[in-house]
Amino acid sequence: MNARLASLHTYKRTVLDPIVDANPITVQVLGLCSALAITSTVLPAVIMSAAVIFVLVIANVTVSVLRHSIPHSIRLIIEVTLIASAVIIVDEFLKAFAPEVSSVLSVFVGLIITNCIVLARVESFAMHNGVWDSLLDGLGNGLGYSWVLISVASIRELLGAGSWLGYAVVPLATEGGWFEPNDLMLLTPSAFFVIGLIIWLARTVAVKRAHDSGRSSAPQRQSSKVA
Amino acid sequence: MRTTQSPLRTLRFAASVALVCSLFVTTAVYWLRPIQAAYGALEYNRVIVAAAGLIPPDAALSDRDVVSRFLELETRIVDLELDWYTDAVDPLTYDYRPLAATRERPRYMPVYLLEQLGRLDRVVLPIYGRGMWSTIHGVITLAGDLTTVVGVVFHEHGETPGIGDRIEDAAWLAQWRGKRLYTDSGELMFAIGAAGRDASFRVDGITGATVTVSAVAAMIDDWFGPDGYGPYLAALRGGRDR
Amino acid sequence: MNELANLVLRAMLVENLALSFLLGMCTYIAVSQRVSTAVGLGIAVTVVQTVTVPVNNIIYEGLLAAGALSWAGFGALDLSFLRFIIFIGVIAALIQILELVLEAYFPRLHATLGIYLPLLTVNCAILGGSLFMVQRSYDLAESVAYGFGSGSGWALAIFLFASIRERLRYADIPEGLRGHGIAFLVTGLLALSFVGLRGIEL
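Residue numbers (numbering that gives the first Met the number 0), protein chains in the order written: chain H, 0 to 226; chain W, 0 to 241; chain E, 0 to 201.
What the hints contain is simulated information worked out from the structure, not anything from laboratory work. This one's a predicted model, so the numbers in the text were calculated from it and none came from an experiment. Incorrect hints may appear among the rest.
Said to hold, decoys possible - Heads up, incomplete: computed chain H residues facing chain E, CB under 8 Å, no partners named:
| # | residue |
| --- | --- |
| 1 | Ile73 |
| 2 | Ile76 |
| 3 | Thr80 |
| 4 | Val86 |
| 5 | Glu91 |
| 6 | Ser102 |
| 7 | Gly109 |
| 8 | Leu110 |
| 9 | Val169 |
| 10 | Leu171 |
| 11 | Thr173 |
| 12 | Ala190 |
| 13 | Phe192 |
| 14 | Ile194 |
| 15 | Ile198 |
| 16 | Val206 |
Built from N, CA and C at the ideal position, the CB exists for glycine as well.
With the hints as constraints, model all of the structure from the sequences given.
Rendered as structure tokens:
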């Protein structure tokens with residue numbers, strides 16, 4: 000009974016850790032590429048997040064199933080092949096069932112193949128862990144990626160167009176309201192600013208939590224090394 | 000995770016992975032392609048029908064309604080080299096869009112004609128060009144005089160959301176209504192921007208969307224000049240019998 | 000000729016892979032601590048890009064595009080969905096060859112670049128360049144121009160960023176911003192300045 004509780008707790012940690020403490024984007028700063036170029040509105044970010052979660056889970060599970068049989072010499076290319084197959088399937092699905100969003104996402108769905116998060120999780124986790132753990136790890140990392148991506152997109156769409164997911168949230172000045180949209184938010188450089196500020200926020204919160212609980216935290220070590 | 004690996008074993012493993020992956024991928028593509036094609040054609044036909052004025056642009060019509068309205072239009076294929084209609088290609092199945100991805104202008108383009116009371120009332124002409132991030136597809140509807148713009152819509156593009164995609168703005172597109180493409184002598188006079196020009200031959204640009212708007216301007220020059228529909232429209236205007 | 004030069008300029012400045020499309024960010028942030036390494040990596044990226052985009056173009060037009068296989072009697076086939084996996088394979092192979100060449104003739108550069116050269120295989124910018132080539136249907140000459148322009152544009156971006164970053168070491172940056180945070184803010188300013196280059200033409 001205790002063993003079951005303990006393993007449930009580990010599962011919860013596996014899913015939740017990547018979302019807050021080890022969030023791939025803020026702390027490990029992976030998978031940035033596709034994260035930023037499509038974040039001027041929320042809808043592409045949501046679809047992209049779903050695509051990444053799907054690919055992460057499928058890739059992790061498949062590699063984990065095969066992990067004892069993959070010959071070491073071709074390990075990397077096998078991983079890339081499995082990831083690429085999942086991405087092709089996702090891309091074709093999107094082209095069939097969400098064509099408008101698919102044309103906005105254009106090449107960025109294909110670029111999930113080279114997304115740092117996917118490759119890192121497959122190589123460092125799925126190759127050494129069981130199927131269920133790998134599935135949860137993929138899910139957790141995907142959710143971590145998603146919340147940052149959707150946050151950036153939400154900020155950019157709200158400030159840049161006064162809407163969220165296409166629904167008007169604040170009345171625009173051009174339509175008789177009071178909100179003057181920030182055109183900078185519609186340009187890609189704003190994604191850099193938004194994410195830089197999010198990282199600042201996340202790091203400060205993480206450092207504070209580390210101080211409060213009295214343990215040394217990974218983010219602090221990393222930030223002093225990289226600056 | 001090291002496994003004893005003879006080269007043969009490695010090869011066999013790689014081959015099996017390749018085989019299984021290709022099976023999955025090919026099955027998915029095979030199953031999805033008809034859906035992709037059906038959706039693509041349907042939206043396009045809806046655009047054409049709306050452009051011709053047969054349905055309001057945002058009307059939620061069933062697919063069958065769209066198709067039946069579409070059949071009220073006469074679809075003809077124009078041969079851009081011979082500058083007149085041709086029967087060389089089947090108008091019902093011809094799709095120029097795959098060719099739009101190549102560098103050359105397709106030789107054949109579909110045009111859609113609406114007759115009212117025995118006279119040509121509307122002509123819907125598809126155009127496309129390379130924008131900043133994508134290929135921009137649009138249709139222009141001309142009135143019976145073959146120079147006055149009744150409407151224009153850019154129905155497919157991947158331009159920057161919030162900036163380039165303002166070529167979809169109803170307000171901007173409304174400016175085009177009533178403008179004229181050609182002078183009385185048949186010269187292509189229409190331009191975007193062109194502050195000093197006569198108002199009936201110009202519309203404003205869109206600030207901040209320079210690249211996309213210049214792409215649209217280039218589309219007009221290309222498609223309504225001598226290499227595009229220009230000579231065909233001139234012949235039609237001159238009364239050549241359909 | 001003018002059109003090709005314009006293409007190179009556009010790919011380098013207006014449609015900069017790093018600053019306008021935000022591709023290759025992982026390596027961009029990781030390798031920009033020193034200018035010398037950044038320059039080496041930039042050269043490697045330019046070379047890889049100038050080679051892979053045209054090669055992928057030949058393969059795509061010859062084998063994968065709709066109707067490409069008509070010379071073999073399979074004109075109805077459209078294998079374009081395979082481009083993702085084929086391009087990555089080609090890029091991996093070409094980078095492997097480049098590594099061998101560097102090891103033999105430029106050992107110091109090879110030692111400096113270390114792990115980052117094979118990492119270019121999964122660099123979004125390299126794959127992205129080939130994917131954009133397909134999306135915009137460039138022909139072979141344009142592919143060479145675009146490969147060179149986009150590669151050198153990325154190199155330019157990382158070089159500028161590394162130069163700034165070396166000086167940032169003497170700045171008093173708030174703790175939470177150190178490292179990746181300030182890297183993004185600075186790159187954002189750099190990207191903003193590049194926006195001003197839109198519309199440049201010869």
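Each hint tested on the structure:
At its closest, the beta carbon of Ile73 of chain H sits 11 Å from a beta carbon of chain E; the interface hint therefore is violated under the 8 Å criterion. Look at Ile76 of chain H: its Cβ gets to within about 7 Å of chain E, closer than 8 Å, so that hint holds up. Interface restraint check for Thr80 of chain H: the shortest CB-CB distance to chain E comes to about 7 Å, inside 8 Å, so the restraint holds. Interface restraint check: Val86 of chain H against chain E, minimum CB-CB distance 6 Å, threshold 8 Å, status holds.
With 8 Å as the threshold, the beta carbon of Glu91 of chain H comes within range of chain E, its nearest partner Cβ sitting at about 6 Å, so the hint holds. The beta carbon of Ser102 of chain H comes no nearer than 10 Å to any beta carbon in chain E, farther than 8 Å, and the hint placing it at the interface is violated. The closest approach between the C-beta of Gly109 of chain H and any C-beta of chain E is roughly 5 Å, which is under the 8 Å cut-off, so the hint is satisfied. For Leu110 of chain H, the suggested interface contact is upheld, since its CB lies about 5 Å from the closest CB of chain E, less than 8 Å.
Here the hint on Val169 of chain H is broken, as its CB sits about 24 Å from the closest CB of chain E, past 8 Å. With a cut of 8 Å, the hint placing Leu171 of chain H at the interface with chain E is violated, because the nearest CB-to-CB distance is about 23 Å. With 8 Å as the threshold, the beta carbon of Thr173 of chain H stays out of range of chain E, its nearest partner Cβ sitting at about 22 Å, so the hint is violated. Annotation: Ala190 of chain H was flagged as interfacial toward chain E, and the flag holds, the nearest CB pair being 7 Å apart, inside 8 Å.
Satisfaction of the interface hint for Phe192 of chain H is found here, the shortest Cβ-Cβ separation to chain E being roughly 5 Å, below the 8 Å cut-off. Interface restraint check for Ile194 of chain H: the shortest CB-CB distance to chain E comes to about 5 Å, inside 8 Å, so the restraint holds. Satisfaction of the interface hint for Ile198 of chain H is found here, the shortest Cβ-Cβ separation to chain E being roughly 4 Å, below the 8 Å cut-off. Given hint, Val206 of chain H at the interface with chain E, holds; its Cβ is 7 Å from that chain's nearest Cβ, closer than 8 Å.
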